[in-house]
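Engineer: In case you want the letters, here they are:
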Amino acid sequence: MIVIRCPCCNEQRTEEELSYGGEADIVRPLEPETVSNERWTNYLFMRANPKGKLLEQWCCSAGCGQWFKVIRDSVTHEISAISLFSKDPPQAEAALK
Amino acid sequence: MKDLDYSFLTLVKRAMGGQRGWPQAWRSPDPKRHYDVVIIGGGGHGLATAYYLAKEHGVRNVAILEKGWIGGGNTGRNTTMVRSDYMFPESAAVYDFALRLYEGLARDVNFNIMLSQRGWLTLIHDRHQLESARHKANWLNCNGVDGELIDQDEVRRMLPHLNMDGNPRYPVIGAFLQKRGGTIRHDAVTWGYARAADRLGVDIIQNCEVQGFSKTGDTITGIITTRGRIACDRLGLAVAGHSSVLASMAGFALPVTSHALQAMVSEPIKPILHHAVISPNTGIYINQTQKGEMVMGGVLDLYHSYAQRGNYPTIEKVLTAVVEMFPLYKELRLMRHWAGIVDIVPDSSPIIGPTPVENLFINCGWGTGGFKAIPAGGFLLAHSLGTGHTHPLAEKFGLDRFLSNRLVDEGAAAGIAH
Numbered sequence: 047m048i049v050i051r052c053p054c055c056n057e058q059r060t061e062e063e064l065s066y067g068g069e070a071d072i073v074r075p076l077e078p079e080t081v082s083n084e085r086w087t088n089y090l091f092m093r094a095n096p097k098g099k100l101l102e103q104w105c106c107s108a109g110c111g112q113w114f115k116v117i118r119d120s121v122t123h124e125i126s127a128i129s130l131f132s133k134d135p136p137q138a139e140a141a142l143k
Numbered sequence: 012m013k014d015l016d017y018s019f020l021t022l023v024k025r026a027m028g029g030q031r032g033w034p035q036a037w038r039s040p041d042p043k044r045h046y047d048v049v050i051i052g053g054g055g056h057g058l059a060t061a062y063y064l065a066k067e068h069g070v071r072n073v074a075i076l077e078k079g080w081i082g083g084g085n086t087g088r089n090t091t092m093v094r095s096d097y098m099f100p101e102s103a104a105v106y107d108f109a110l111r112l113y114e115g116l117a118r119d120v121n122f123n124i125m126l127s128q129r130g131w132l133t134l135i136h137d138r139h140q141l142e143s144a145r146h147k148a149n150w151l152n153c154n155g156v157d158g159e160l161i162d163q164d165e166v167r168r169m170l171p172h173l174n175m176d177g178n179p180r181y182p183v184i185g186a187f188l189q190k191r192g193g194t195i196r197h198d199a200v201t202w203g204y205a206r207a208a209d210r211l212g213v214d215i216i217q218n219c220e221v222q223g224f225s226k227t228g229d230t231i232t233g234i235i236t237t238r239g240r241i242a243c244d245r246l247g248l249a250v251a252g253h254s255s256v257l258a259s260m261a262g263f264a265l266p267v268t269s270h271a272l273q274a275m276v277s278e279p280i281k282p283i284l285h286h287a288v289i290s291p292n293t294g295i296y297i298n299q300t301q302k303g304e305m306v307m308g309g310v311l312d313l314y315h316s317y318a319q320r321g322n323y324p325t326i327e328k329v330l331t332a333v334v335e336m337f338p339l340y341k342e343l344r345l346m347r348h349w350a351g352i353v354d355i356v357p358d359s360s361p362i363i364g365p366t367p368v369e370n371l372f373i374n375c376g377w378g379t380g381g382f383k384a385i386p387a388g389g390f391l392l393a394h395s396l397g398t399g400h401t402h403p404l405a406e407k408f409g410l411d412r413f414l415s416n417r418l419v420d421e422g423a424a425a426g427i428a429h
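Quick mapping for you: the protein sequence lines, in order, are chains A and B.
All residue numbers for the first sequence refer to our numbering, where the first residue is 47 and numbers rise by one.
All residue numbers for the second sequence refer to our numbering, where the first residue is 12 and numbers rise by one.
Hints listed in this document are in silico derivations from the structure and should not be mistaken for laboratory results.
Be careful, since some hints might not be right.
Computed Cβ-Cβ distance ranges for the label pairs, DEER-style [what the hints assert, rightly or not]:
id, chain 1, residue 1, chain 2, residue 2, range
1, B, D244, A, S132, 32 to 40 Å
2, A, V81, B, D176, 55 to 63 Å
3, A, L130, B, D176, 50 to 58 Å
4, A, N83, B, T230, 34 to 42 Å
5, B, Y323, A, R74, 46 to 54 Å
6, B, T230, A, Q58, 33 to 41 Å
7, B, K190, A, R51, 23 to 31 Å
8, A, C55, B, G399, 29 to 37 Å
9, B, D244, A, E57, 53 to 61 Å
10, B, K190, A, V81, 44 to 52 Å
11, B, E159, A, R51, 35 to 43 Å
12, A, L130, B, S259, 53 to 61 Å
13, B, C153, A, L130, 35 to 43 Å
These numbers were taken from a predicted model, which means no experiment stands behind them.
Note that beta-carbon positions come from the ideal geometry of N, C-alpha and C, so glycine has one too.
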């Protein structure tokens, strides 16, 4: 079972109390009219799916309602970094490198 | 070869001989240095691919590379149910082709796969579901696939232990029934295909994990494995939840995410549930095995996962729903519980055919419904590997559909639970 401490309300949440938002930092192309089909396809359908560390977003949906970023191992579910979106540069990206 | 066939006569003969001298069902050869075709993944889809490749296309210099043991992945981690009540014509054609191949498989591979077409019931809980079930039944009718609506009394007769009158959380007002749906012994599918492929000369190489590929331009020339380097002309990929991992080794990306799908089984009891049942509202499906155990599944873990193990929140969700629907089953004890890693695609339809790597063909994306599709997945991938062309049935299911935006959005159409 996945257990994450929400960086906003600082409460320990289980996967039952959280909502999953998939890979983090997916940005919709800013000029959809000019973007290539390949880039649009990547934006719509292609997601990182590593067997190992993954940068993803979760929502503390049964608690404070904040979205935040997490680096989780997709095999062990070990959480190696948690950060708020507002923190810049996020601690999460740094830990992935 | 004929004397190796399984039949009543050989059964009697071996019984008289004290069950000694049964030949090995398949060999465990060391890998050769070169094969015409190498198939990665020794699950149902991979084994079926090798079998149809040898049988339909005469390609016999074939190896299957399996990192663990054959049938130890999703083929051994499903709920053994089969059906073909898919809505879009292109999906119905593929899934019904799979079911038709299953219907003839025991004779085809000389192995009893214990196909039990006991009827697949999708419960209908409200008027909206009734409307969409009617809609689906009409589609199926047009597609030439069987499927019908039955009323409340018929459901009561077929499922005497279903809680229909005791103020159930989700009242049942009828059901959609596919009579040809049912269950199959999952291991028998693995073993049947493995034995048949082996007898056609296919090398099944277990405990052989792929670690990388050597490429010349856009062509894979060799496979680096834990049991040495293997060269090949063509390569097939049938690794379900690990498709992204192998694709990234080969240098391309797939629109696939991997998730854990869990299932569990109770202690065995006498026959009590004759049909396979799914409830769209609780999201659970249940059937009773020939051994008497209740096999129960439901709710996909929505986060990315390669962890082949279950967890308590899902056990709780599935079991509370089962007990709500069938209060009598609360007496049962849970015996085992497991998870398989399924490959979820945005439109819930498979990906079959060519890839950006010239000599690599793929069969993946069956998501939560891979077991029922094994014969079709194998047949269609074998066609690509044997001829270099895509089979007409697989044309709509190419990887290129995401770029051209011609999705087969079967997730919504079939109303599958996840």
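Engineer: Run every hint past the structure and note whether it holds.
Structural biologist: Going through the hints against the structure:
1. B:D244 to A:S132: 32 to 40 Å: Because 54 Å falls outside the window, the suggested range is violated.
2. A:V81 to B:D176: 55 to 63 Å: Check passed, 57 Å falls within 55 to 63 Å.
3. A:L130 to B:D176: 50 to 58 Å: Between L130 (chain A) and D176 (chain B), where Cβ atoms are some 52 Å apart, the hint holds.
4. A:N83 to B:T230: 34 to 42 Å: violated, 25 Å
5. B:Y323 to A:R74: 46 to 54 Å: Since the Cβ atoms of Y323 (chain B) and R74 (chain A) sit about 37 Å apart, the hinted range of 46 to 54 Å is violated.
6. B:T230 to A:Q58: 33 to 41 Å: violated, 51 Å
7. B:K190 to A:R51: 23 to 31 Å: With a Cβ separation near 52 Å, K190 (chain B) and R51 (chain A) fall outside 23 to 31 Å, so the hint is violated.
8. A:C55 to B:G399: 29 to 37 Å: For G399 (chain B) against C55 (chain A), whose Cβ atoms are near 57 Å apart, the range 29 to 37 Å is violated.
9. B:D244 to A:E57: 53 to 61 Å: holds, 57 Å
10. B:K190 to A:V81: 44 to 52 Å: holds, 49 Å
11. B:E159 to A:R51: 35 to 43 Å: Given range 35 to 43 Å: violated, Cβ gap about 52 Å.
12. A:L130 to B:S259: 53 to 61 Å: Distance hint for L130 (chain A), S259 (chain B) is violated at roughly 30 Å.
13. B:C153 to A:L130: 35 to 43 Å: Distance hint for C153 (chain B), L130 (chain A) is violated at roughly 52 Å.
Violated hints, in rising order: 1, 4, 5, 6, 7, 8, 11, 12, 13; the structure is consistent with all others.
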